[in-house]
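Guided by the hints, dock chain Z onto chain Y, whose structure is given.
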Amino acid sequence: MKARRKKLPVGGIAILLAMSLAMVGPILSVIIWAFAVKWRYPNLLPTEWGLKYWRIMLGRDTVIEPILTSLALTSVATTMAALICWPAAYAFARLQFPGRQLFLFSFIAANAVPKFALFVSIAVVFLNLNLVGTFWGVVVVQMLSAVLFMIWIPTAAFRSIPPALEEAGFDLGASHLRVFVMITLPQALPALAASYVLAFVSILFEVDSALLIGAPQITTMPLLLLSLSAQVIVQEAAVLCVMIWVPCFALLLLTRRFMSSKGIAQGFGA
Amino acid sequence: MTSDANPAGRSGAVRTMHLKENLAGLALVAAPLGLLLVLILLPTVSMVWNTFQVPVEGGTVTGIARYQAFFADSYSVANLRYTLIWTLISCVTALAISLGISLYLRFSEGRIATMIHALSLFPLFVPAIIISYALVRFLGPNGLLQLLLEQVGITGYRTPYLTPIGPFIGFVWENIPLPVLVITAGLSQVSDHAIEAARDLGAGAWRILFEILLPQVHRSLLIAFALIFLGVIGAYTVPYLLGPPAPEMMGVFMQRTLGNLQRPDEAQVQAVILMVLSSIVGGFYIATMLRGEVGRK
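Heads up: the protein sequence lines correspond to chains Y and Z, in order. Those letters in the first sequence? Residues 1 to 270, per the working numbering, in order. Those letters in the second sequence? Residues 271 to 567, per the working numbering, in order.
Keep in mind that a hint or two might mislead.
[Claimed, not checked] Derived, one-sided and incomplete: chain Y residues facing chain Z with beta-carbon distance under 7 Å:
no.: 1; residue: P9
no.: 2; residue: L16
no.: 3; residue: L44
no.: 4; residue: F103
no.: 5; residue: A110
no.: 6; residue: P114
no.: 7; residue: V120
no.: 8; residue: W245
[Said to hold, decoys possible] Per label pair, the in silico range of CB-to-CB distance:
no.: 9; chain 1: Z; residue 1: Y337; chain 2: Y; residue 2: L189; range: 27 to 37 Å
no.: 10; chain 1: Z; residue 1: A388; chain 2: Y; residue 2: L45; range: 20 to 30 Å
no.: 11; chain 1: Y; residue 1: H176; chain 2: Z; residue 2: V362; range: 50 to 60 Å
no.: 12; chain 1: Z; residue 1: G370; chain 2: Y; residue 2: L45; range: 29 to 39 Å
no.: 13; chain 1: Y; residue 1: A193; chain 2: Z; residue 2: A388; range: 20 to 30 Å
[Stated by the list, open to error] Partial pick of chain Z residues on the chain Y-facing surface, computed with a CB cut under 7 Å:
no.: 14; residue: V299
no.: 15; residue: M317
no.: 16; residue: M385
no.: 17; residue: A388
no.: 18; residue: I399
no.: 19; residue: N412
no.: 20; residue: L417
no.: 21; residue: Q421
no.: 22; residue: V422
no.: 23; residue: G423
no.: 24; residue: I424
no.: 25; residue: G426
no.: 26; residue: M524
no.: 27; residue: Y555
no.: 28; residue: A557
Derived from the structure by calculation, the hints contain no laboratory data. Where a beta carbon is used, it is the ideal one built from N, C-alpha and C, also for glycine.
Bound conformation, chain Y alone (with noise of 0.2 Å):
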């Protein structure tokens, strides 16, 4: 294969041009409105750029508190999950106890429940025990969200680190805390910190906790940017997304140095 003469790759170049309008194109188009002041049609680009709608949005107490409350749910949910998840991944990876693999799968298995058809039966439920437009209650929901993200990841990450490392602390007669603490932690670090981020930008996100059991009282960042999404001035929603998405996203790059393609598979069974 690689003794095959060069020549342009037109086939490739057809592919990356198609791939790069359908993937970067809807993108682009809301980065260009987040800046655009006048953009009327039939003109390719705006004929006015400006940051007019960036103070508008940002000076609205009614775009800044949802931020607020999404950035405090995500937080208080994603951290509670890291807490009881980053334990149980350790357990999973280095212990040996009854039913061991029948659990672990079983967090694999969450995957196969329709999410927005599980939502309704405990939003259902919520209703009942008076948790439905709480905080509380949406935090709940969120943390199981989370649990999918920070068992599998953290799980691999434990696994990965050779037991010859720890057993050598052991031998020196370092105390199991102690050769947790030194030696395990440190290497297991950049998969939990990237299994936090990941967990962490994909509940800030997420539209269907927040609808059904939090709203109408709870309005989180996605509920406002699904309600602006259908305003007249385009510019508001596009704003939200750019100024919300564009951290995450850079966050979301970090963490891939620290995350194989085939770890992401490896999560989901794959």
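Same frame as chain Y, but now just chain Z:
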């Protein structure tokens, strides 16, 4: 895999250690497992139970009247049919495109291939609500796509926005990365030698595809199909923003029934029906993975 490799002979102490390890392990996994139990198993069971409770004078009886009502309502059935058909079409299309991209990547190297690979993974970083809104702006009337087409002289653009094609495009867009990831991983296991040998023996491209390449990724394809199906069938944001007002996908339908119409009983019936349909694919997903787990040992 782990501490089972202890040398024999320290049996008493080892047994206490094992007991300790068992207890520690169970204690550490109890909390997230409890969360699954409380938030998946209990609500689902209680929901299924509720849907079979039919109100009569002075109480309830167990019966299937709620389900009969669902299937007697032509709008509900139309929504269900619409959901199933477009879920399948979206899954198959996403898989076909991903397979094409993966095959191209398998036989190409260099900068163009790297860029195509990166682009195909890009949707992993874009949440559903962002891409849905972006597609409204891109595909919608007077959107960027129409402007670009008119620049090159193509007029008469008809937008797929608010037609069944709108959410279809959204679903395909979202679901390119996962199959590309798993198929490229599978294809990379086929050695160049095997393909060259087949070619030397006179096998054509199709034969190589069906008899050498596809069998390698067969299982990955099935798992990707199941995951995409389960994600699409219950989707809310993509069909809500991009789809027609009627028929509705089940996610939108359920949300409207529960949230706007305040009819939790009907929403639960819709949810159970969706879960039962998904459980066919879900069960198949679980079975495929169990087989894989056993095979891996």
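Hint-by-hint comparison with the structure:
| no. | hint | result |
| --- | --- | --- |
| 1 | P9 | holds (6 Å) |
| 2 | L16 | holds (6 Å) |
| 3 | L44 | holds (5 Å) |
| 4 | F103 | holds (6 Å) |
| 5 | A110 | holds (6 Å) |
| 6 | P114 | holds (3 Å) |
| 7 | V120 | holds (4 Å) |
| 8 | W245 | holds (5 Å) |
| 9 | Z/Y337 / Y/L189: 27 to 37 Å | violated (51 Å) |
| 10 | Z/A388 / Y/L45: 20 to 30 Å | holds (26 Å) |
| 11 | Y/H176 / Z/V362: 50 to 60 Å | holds (51 Å) |
| 12 | Z/G370 / Y/L45: 29 to 39 Å | holds (32 Å) |
| 13 | Y/A193 / Z/A388: 20 to 30 Å | holds (22 Å) |
| 14 | V299 | holds (4 Å) |
| 15 | M317 | holds (4 Å) |
| 16 | M385 | holds (6 Å) |
| 17 | A388 | violated (9 Å) |
| 18 | I399 | holds (5 Å) |
| 19 | N412 | holds (4 Å) |
| 20 | L417 | holds (5 Å) |
| 21 | Q421 | holds (6 Å) |
| 22 | V422 | violated (11 Å) |
| 23 | G423 | violated (13 Å) |
| 24 | I424 | violated (13 Å) |
| 25 | G426 | violated (14 Å) |
| 26 | M524 | holds (5 Å) |
| 27 | Y555 | holds (5 Å) |
| 28 | A557 | violated (10 Å) |
The structure is inconsistent with the numbered hints 9, 17, 22, 23, 24, 25 and 28, although it conforms to all the rest.
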